[in-house]
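Undergrad: Mind docking chain B on chain A? Use the hints.
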Amino acid sequence: MNELVFFINNVVVAGSVSGSIYAIGAVGVTLIFSIMRFAHFAHADVMTFGALMVLLLSTAFPAAGASIGIPTALIMLPLAMVLTAALAVGIDKVFYKPLRAHGVKPIVMVIGSLGVTLILQGLIRLFAGTGGQSLYVDDRKEIFRLALPFEDVRVPVVITEPQLYLFVITLVAVIALHLFLNRSRLGKAMRAMSDNPELAQASGINTNLIVAVTWVIAGGLAAIAGTLLSLDVTFKPDLSFFLLLPIFAAAIVGGVGHPYGAIAGGFVVGFAESLAVFNWNILLRPFRDSFPAWLELPTDLAFVSTEYKIVVPFFILVAILIWRPTGLFKGKVI
Amino acid sequence: MSTQPKREDLVAAPSRFPLREVLLFAALMLAVLGVYAAMGAAYSTRMLVEAACYAILALGLTIQWGYGGQFNAGVMGFVALGGFCAMLFSVPINDAFWGTELPGELGRVLLYAIAATLVVIGVTRLDRLGVPKTLRTVIAVVVGLILYLVVISLLREVTGEIESRAGFIGGFGLPAWVGWIVGGALAGGVGYFIGHICLGLRSDYLAIATLGIAEIIKAFLKNSDWLTRGTATVSPLPWPTPGPSEVGFTLARALYLSMTAVVIAVLFFLLHRAYHAPWGRMIRAIRDNEVAAAAMGKDINRRRLEIFVLGCILMGLGGGMLTSFNSLFDPNGYLPLNHTFLVLVMVILGGPGNNLGTIFGAVAVYIIWIMSGPMALWLMQLIVTFGEGAFGWDAPSNMDSRALQARVLVIGVLITAVLRFAPKGLLPEKIRHHD
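Just so you know, the protein sequences line up as chains A and B, in that order.
For the first sequence, my numbering begins at 1 and goes up steadily by one.
For the second sequence, my numbering begins at 1001 and goes up steadily by one.
Bound-form chain A, shown alone (with noise of 0.2 Å):
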């Protein structure tokens, strides 16, 4: 029973932190392409921007938090996250539109987005410096360890608070997103721009505030991930750097312009890069007498080591381009 506890903790807990972050920042990537038909490979470094938010205004205000008993880091959250929406719509205003307005292929966008990506990691390392920072400024993290009711178990399912703060609030915001889609006439307004946009702009709606409305959305949730990502572990300026690929991974595997799709790809992203890492010999070990004598396992048996975690994303992206490119739910753009 401890080796399957062992297997919760690394794999199922690990899995799912991972997974509600790829997903989040993977709805943003998705409903960007979807929107405005180009990869935004800035995204990542605008979940870190989001993160440096909180981080500075936590620092300014280090004591907001423990008069309510949340860490300080959760309440800035939101003036962060109207910082970061505020940043994208700007983003785009100075350096996206002049390019639509042009009328250059997507790929030229891809190539803008870059520029951007850079001119943001230079502006988040200018001001963070290359260090990394704790998100907990001036809180504790707490730790919760449950131990399991059975005789046997000696260790404990461990989850930390960050943890539980982030699979509730990935929960809000997947459900606030999708009764925005289908509730709201600006979600149905954006679906319908995603499905034609010609057709939309001839039915009377107004592709610049759906535009905006994206870029709200997605810096939003950008926020909310780098943010929730840098309270687990910490605040470091190439937090990005590690979050493309798999996002993107997600995006794709979920079906591009399917949000839904994206947040299901970013759990099995998640999902498959913590059973990559895990050590199967652990789960293997109480039936090793029954294994016959000649096979000796040896002691590490993961499929691919931490450091090459990264190829996990890119297999799962180059299986899905090959076998089925329109992504596990179909998305519409190829």
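Do not take every clue at face value.
[Unchecked claim] 20 Å max Cα-Cα, derived EDC-like pairs, lysine to aspartate or glutamate:
#1 A:Lys105 x A:Asp238
#2 B:Lys1222 x A:Asp238
#3 B:Lys1222 x A:Glu307
Since the hints were derived computationally from the structure, they do not count as laboratory data.
TA: Relative to the frame of chain A, chain B by itself:
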């Protein structure tokens, strides 16, 4: 028909004096002379050699982006592959490895890997024997996973043994140019793999996939200590030309520079011919109007693959030359900023699709890049001194490292500004029109 007035853009442009080219290259010459005057001959020659190696990378990218309209966001990976091959082939033979039974062990594992691949391929063909397709897929996946685990465990054992007993496998002790050619071929092979998957799909997918493969190549080179010594780095790498210890720094670098110049001249000539050949016209037709080209019966995906692989080969070659020149193989030294985005700026600033413009862009941007480090530090120092003097401002201590981050910002601003204000670059591609 002859009574119709001729449209101006359909008339072949009269051959004009290339004023723009002459002016730009004269300015570039002046800049190079300025660097020579300020920094000394040895430093400046080193800068020129590196700029020349970057020019080869930029030619590779201009083929892909300028000729073919494909965006490769992973130049770094192909550069690193070229550098790795240059290292593997030119470094002296390591007797501590070859003198033992380890090469045999390694070969045995490789044979197992080949055998395992063949078995998995065989299993995927089981449906021809009447096994249902779903069952075949399940069997293939399970067999594949198990065989993969077996092979990777054996490989880990052998590589661990190599690392503890011999350090790393060493090189083949061959001339460096063998490594460059193999590096180009290897980069082309990886390019074929990526291109084969992505080129039929949206162009964004190619960017994502190349970005990923570059990181994977780097991770592999960084963590395979048995093959590359990983972060311990390998140096010195021998040069194909006489080294600094034989003829002195400046002369040795000048010799290397002449060799790179010859390589660039040959490549330039070949690319020029290819660009004006029917093949080049076909490539541009596909870039400019895919549907029309397909309607003319051109095999679009095949041509695209050719152009992508050709670009990757040049990147591998240039990467090999660059790494040999630095005489140091350090997997951590390959950075997206230095080896992907810098090359991208060179190409889009110089003029995508125009070889001369690309070479101009490579040298000009590299000079700016090299000089921007000292300049940024100096500027930061000035601001800090001013700030302390005027407001008693307490500057952060890591100002130096932060100043270098400003280069990231500058490259980003350059990319976005060029795309917006000069999308065709300083020396735009000349489109020839015929009657």
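Undergrad: Evaluate each hint against the coordinates.
TA: Hint check:
Annotation: proposed proximity of Lys105 of chain A to Asp238 of chain A is violated, straight-line Cα distance about 29 Å (limit 20 Å). Restraint check for Lys1222 of chain B and Asp238 of chain A: satisfied, since their Cα atoms lie roughly 18 Å apart, inside the 20 Å limit. Taken as a hint, the Lys1222 of chain B and Glu307 of chain A pair is honoured in the structure, with Cα atoms around 9 Å apart against an allowance of 20 Å.
When each numbered hint is compared with the structure, a violation occurs for hint 1 only.
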